[in-house]
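Engineer: Line order of the protein sequences matches chains A and B.
Each residue of the first sequence is one higher than the one before, starting from 7 at the first, in the numbering used here.
Each residue of the second sequence is one higher than the one before, starting from 631 at the first, in the numbering used here.
Worth flagging that the hints you see were computed from the coordinates, not collected in a lab.
The reader is advised that the hints may include incorrect statements.
[Said to hold, decoys possible] What follows is a set of in silico ranges between Cβ atoms, one per label pair, in the way DEER data are often shown:
id : chain 1 : residue 1 : chain 2 : residue 2 : range
1  : B       : Asp795    : A       : Tyr251    : 49 to 57 Å
2  : B       : Gly658    : A       : Gly361    : 51 to 59 Å
3  : A       : His223    : B       : Lys686    : 26 to 34 Å
4  : A       : Phe41     : B       : Ala738    : 50 to 58 Å
[Claimed, not checked] Some but not every residue of chain A turned toward chain B, in silico, with C-beta under 7 Å:
id : residue
5  : Ala13
6  : Cys17
7  : Arg20
8  : Ser21
9  : Ala208
10 : Arg216
11 : Val219
12 : Ser220
13 : Pro221
14 : Val222
15 : Lys377
16 : Thr378
17 : Ala380
18 : Ile382
Think of the CB as a built atom: it goes at the ideal place given N, C-alpha and C, for glycine as much as any other residue.
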Amino acid sequence: MFQLYKARLKCLVRSKENIFWSYLFPILLATCFYFTFGNLWTFEDYESISIAYVSEGGQDDALKMAMEEAHTDNGTPLFVVNYTSEKEASKLLEDNEIEAYILGDSDPKLYIKNNGLNETIIKSFLDSYRRTSITVQTILNNNPKALEEGLLDDLMEAETFVYEVDNGKRPDVMLIYFYSLLAYTCLFASGWGLDEVINIQANQSHRGARVSVSPVHKMKLFLSNMLAAITAQAGGITLLFIYLYNILKIDFGDSLFPVIVTCMVGSFTGLALGAMVGALGKGKVESKEAIVTAIVLGSSFLTGMMIVNIKYIICKFAPFLNYINPAALITDALYSLYYYDSLHLFYINIGILSGLTVVFGFIAFLGIRRKTYASI
Amino acid sequence: MIVKVKGLVKRYDKLVALDYLDLEVAEGEIFGLLGPNGSGKTTAINCILSLLKYDKGSIEIFGKPMSADAYDIKKDIGVIMQNVAVFEALTVYENVHYFCSLYIKDKAKVKELTEEAIRFVSLEEYRNFYPKKLSGGLLRRLNIACGIAHKPKLIILDEPTVAVDPQSRNKILEGIKRLNQEGATIIYTSHYMEEVEQICTNIAIIDKGRVIAKGTKDELKSMISIGEKITIETYQGNENMVNELKAFPNVFSVELRDNRLEIKSNRGKNNLVHILDYLNKNQISFGRIVTELPTLNDVFLEITGKELRD
Chain A
7 MFQLYKARLK CLVRSKENIF WSYLFPILLA TCFYFTFGNL WTFEDYESIS IAYVSEGGQD
67 DALKMAMEEA HTDNGTPLFV VNYTSEKEAS KLLEDNEIEA YILGDSDPKL YIKNNGLNET
127 IIKSFLDSYR RTSITVQTIL NNNPKALEEG LLDDLMEAET FVYEVDNGKR PDVMLIYFYS
187 LLAYTCLFAS GWGLDEVINI QANQSHRGAR VSVSPVHKMK LFLSNMLAAI TAQAGGITLL
247 FIYLYNILKI DFGDSLFPVI VTCMVGSFTG LALGAMVGAL GKGKVESKEA IVTAIVLGSS
307 FLTGMMIVNI KYIICKFAPF LNYINPAALI TDALYSLYYY DSLHLFYINI GILSGLTVVF
367 GFIAFLGIRR KTYASI
Chain B
631 MIVKVKGLVK RYDKLVALDY LDLEVAEGEI FGLLGPNGSG KTTAINCILS LLKYDKGSIE
691 IFGKPMSADA YDIKKDIGVI MQNVAVFEAL TVYENVHYFC SLYIKDKAKV KELTEEAIRF
751 VSLEEYRNFY PKKLSGGLLR RLNIACGIAH KPKLIILDEP TVAVDPQSRN KILEGIKRLN
811 QEGATIIYTS HYMEEVEQIC TNIAIIDKGR VIAKGTKDEL KSMISIGEKI TIETYQGNEN
871 MVNELKAFPN VFSVELRDNR LEIKSNRGKN NLVHILDYLN KNQISFGRIV TELPTLNDVF
931 LEITGKELRD
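Looking at chain B on its own, in the form it has when it is part of the complex (with noise of 0.2 Å):
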């Protein structure tokens, strides 16, 4: 394992915010630590980094005791926080030099590195321009290029993609996934679940300290009872309908809002074909048919009764 937690208790006085978390991250795989805000996502990072002091528990990176004096250990490390944290003054070449000449020595090294990070953020039209002058998104490519210029063998994202573009979060999250394949182990959090989803190969559940669930996405998909949600378009809807659409073989919930029927089933073949045929044989029309499978945010609203973002 590149990365074991095991029982980490951190309290803030009489709040606990990691609850005996557990986590394990293997190398080479995108591990998402997906919770709300305030679940303790980056109370966890700063307690793996040994930023944070924390009451009980254990902390092993690469096989090794983590400290703040471990100095080994941090070397192949790469850390970009959820806040950017670069130097006004500097330029952007100057900042990913900056950054990386305090994991490597040999000035050449630093120089090629620099250049190699700024390419992979592709800023390299942006290196003379100051911080400020950069927008939100390449303010944020460039904390990336800062936390990466080492060419880390953990890296360590924490919320990256807050307020930043579209544009911008498809090119980080593209970034990661190459990082990934060039060999480095990824540990990225996020609220957005649609982010952890599309490029986590292993994700943890976080709430209020505690892991509540952990997996592939499809193995923490798979632990719910939805297996398909449809959501049906009609002007023509009733109580007497949603009654028997109920008594459809796998329907469990059946709800009709807004002149939206939206009906969760169980994982079974056909069911949409089913309602369909329901439809047609009541004549009752019907507009826009959307089926969604299962969520993350459907896992976590199962398992805590409460949605992702709240």
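Excised from the complex, chain A in its bound form (with noise of 0.2 Å):
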């Protein structure tokens, strides 16, 4: 059995286009992902904004003294307050020297050239300030003594804009990228799975009908070729996980085995997978293949590795379907790993994905038993 194992891991290992979507390729999206997203929400990272204030036409003290005083939670200052006219403003808005002016006036208004975080930024506190102003004056117009009996106190502290979660883990939109990418990694061992059932099933390929002639059980092909496959995989999913947690630094939460066993049942339920889409019907192997991928890919985007809203969106109107694709329930997990101190969120995903692994499993044993064929 060792013979038809290494013989096999030397076939999967060899193959270029293997190790190229197996092992370099997720590595390279991890790359493009690290480069292009890098740092996108990161606290410690945060730059103050570069404002104009124009004050010309009415000096809102209130205003310019809440831009002087807004700040991130660590402190740093939200704004770099420029005072200037409304003609240098503009200037300075079409040089990209600042990302937006304000003119002071009872009713600031905001001048922008993008939209962006920045601006977003810039806009919230500037409707805040306004619904913090209207409620004043509103008070005051009642109460006038409002002011001396320190009733407003509370209204005039300053409101933290850029804010860190509790339990110190941040809600960070990267690793929805670099968990989805994970599970991605996952499911593609499908692809070994779907190989390995079709090199054994007589009706699907000829190297299938020369060793159902042979003396060995087909059980014992069947695996010998998985294992083969599972080490194959094992291989893939070390160097991806070795990438994201030595070089990129990408943070799994604070105990790392319930992820490598969410990376093994991940890649379980794809070497599974793959093996039930072989193993059902005599469809063309180039038509199986496209089946296994257009899986992989198509769970993989609704967990938000291609647009990052689509997570978000799924949650809001189809929850369900989080609980039958498996890589919604590989990231969920690592999700619970990274936010959540308890383990049963995890437990949760990984039982279903475990279950999904054994219905996957069993239909491809129904289909891989048969040793006999209606035609071939």
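Using the hints, put the two standalone chains together into the complex.
Structural biologist: Encoded structure:
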């Protein structure tokens, strides 16, 4: 059996196509994610936003004061404010020297050039300021002594616009990409699983016919082939994990063991999925490869690997999909390890994922156990 | 009997692929299964190997009923399928080694047999080549090495020379003869009658899933009326000459086409001498003369009314 395992492993790791898609492609994609979206939301790297404040036409001291006092949760000033004329501010904006300028008035107006995160922060700040001003005005109209009585103290405190969530773990949009990528790589094992089944099915390949006339039990062949596939997959996933964890320094939470378990179970799910597609029906090998690729890419897409908002949309409108989508179960298991101290959610996700693996594996077994065919 | 197939019926919906097929292959013979494409040869082989389910009939190999789980029977069978079935990612040596190790457990023995099989098909200098680097003929030889490395008692070759150059084809046919001389019983399917005539000791002609004739090549040829076919190149042929030649003893068919006179006659002595006498007497000049004994194609043509390669 070791001879058969060794030969199959050689076949798998010598295939340039397999090596590229399972070993190199995830690393390339991780590198692209890192440099494209890297540190998008990292708190430490927050830089104060350059804005201009135009006080012509009635200076609003309260707004000026609010802008100067606004800061992030760790004390970084939210804005670097230039006090200038409207003409100069307009020129600065045009030359991209500032992100926006505010025309101070009884009703302050915001001028921006582009749409982006910084512009969103400035607008949020101004909206908040307007709401607070109106509230203060209304209270003072009703109770002129409110200021003296300290009733406005809470309202006057500067609001934090960039803040850190509790338990020291920040919501990091980057994790969606990297966890989805890890899930994709786990499920990409389906390619290996499909190959291994095709290679022992007489009605699927000439090699399958050749090994089917040999005196080796089909299940023994299947096991040795799958062991080779598991080994090859373990190589790919380990390489990616080391790259993410040690090189890109992606945060997987406090304990690595459950993360490794998630990768293992996810890889088994991928192998079983591929084996199931391979064992079902007599369709062309190319069609089966296309089906497997579509399932893997589709399920990864639904976890936000391509568009990060998809994850949110699925959660809001079709949450049940996350319970049958293997990629979602893998990423959710990883999120639960990252965000929560309790392993409760992790166990639920891994439990469902294991259940899916058993179902896929059982269906594959039913297809593989056939030894004679109606047509080949 | 090494292989005994009785009343084998295989249907694909309404299409009858094998129609009560009977075959018997004795130990030590090279048994040819000859028939046109689609006649049921490969279906018969796949049923014999228990790869295909069949509707009726029985199959015995080495005197035991054949089934998908009959591993004791399978270990003594070598199969070379019509399509090359090797691993692209393994070298010539590794491919032969892998398929041999499916049959033999002893590592040292596997190595020894692998070397022997590579030598047998003359692929020594290609042992470290990957299959995609091999020509069609070399690939076929590798395919054969993978099927025979474990020294099986029964070797089944299903059209092993399709799309092979003449040189490789001859090597393959010589190899099959050698395997037979070394003690293996061979079942060889082909639609190339020349190959079957060249190597097979016993032949079954199959059409539409039925054996329509069987025997040695001489026995098969003796079943038909044609004893000799004479083709004469002449530019002076005419209708009168054709009619006069038809009246000759043993001659039963004369045709004049494209300045070629084709005369078919029953078995008999001096057929050619009589015809040449006639041409000389009538001062009819002629060019090339070709005389042919009947081929298996003539046998097939006479029995079915169509060419073997239709």
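Engineer: Under 7 Å, Cβ to Cβ, is where Ile382/A needs to be relative to chain B, so tell me if that hint holds or is violated.
Structural biologist: 6 Å, holds
Engineer: Going by Cβ atoms only, is Val219/A closer than 7 Å to chain B?
Structural biologist: Holds, about 5 Å.
Engineer: Against chain B, is Ala13/A within 7 Å by beta-carbon distance?
Structural biologist: Where the cut-off is 7 Å and the nearest Cβ of chain B is about 4 Å from Ala13/A, the hint holds.
Engineer: Against chain B, run the beta carbon of Ser21/A and see if the smallest gap drops under 7 Å.
Structural biologist: Check passed: Cβ of Ser21/A comes within 5 Å of chain B, closer than 7 Å.
Engineer: Holds or violated: is there a CB of chain B closer than 7 Å to the CB of Ala380/A?
Structural biologist: 6 Å, holds
Engineer: Does 26 to 34 Å hold as the CB distance between His223/A and Lys686/B, or does it fail?
Structural biologist: 28 Å, holds
Engineer: Is the shortest C-beta separation between Arg20/A and chain B less than 7 Å?
Structural biologist: Holds - the Cβ of Arg20/A comes within 7 Å of chain B, reaching about 4 Å at its closest.
Engineer: Is the distance from the Cβ of Phe41/A to the Cβ of Ala738/B consistent with 50 to 58 Å?
Structural biologist: 54 Å, holds
Engineer: With chain B as the partner, please determine if Arg216/A meets the hint condition of a C-beta pair closer than 7 Å.
Structural biologist: Interface hint status for Arg216/A: holds (4 Å vs cutoff 7 Å).
Engineer: Take the shortest C-beta to C-beta distance between Ala208/A and chain B; is it under 7 Å?
Structural biologist: 5 Å, holds
Engineer: Min Cβ distance, Cys17/A to chain B: is it shorter than 7 Å?
Structural biologist: Cβ of Cys17/A sits 4 Å from chain B, so the hint holds.
Engineer: Can you tell me whether the CB distance of Gly658/B to Gly361/A sits inside 51 to 59 Å?
Structural biologist: Taking Cβ atoms as reference, Gly658/B and Gly361/A lie about 58 Å apart, which means the hint holds.
Going through the hint list in order, the structure satisfies each hint without exception.
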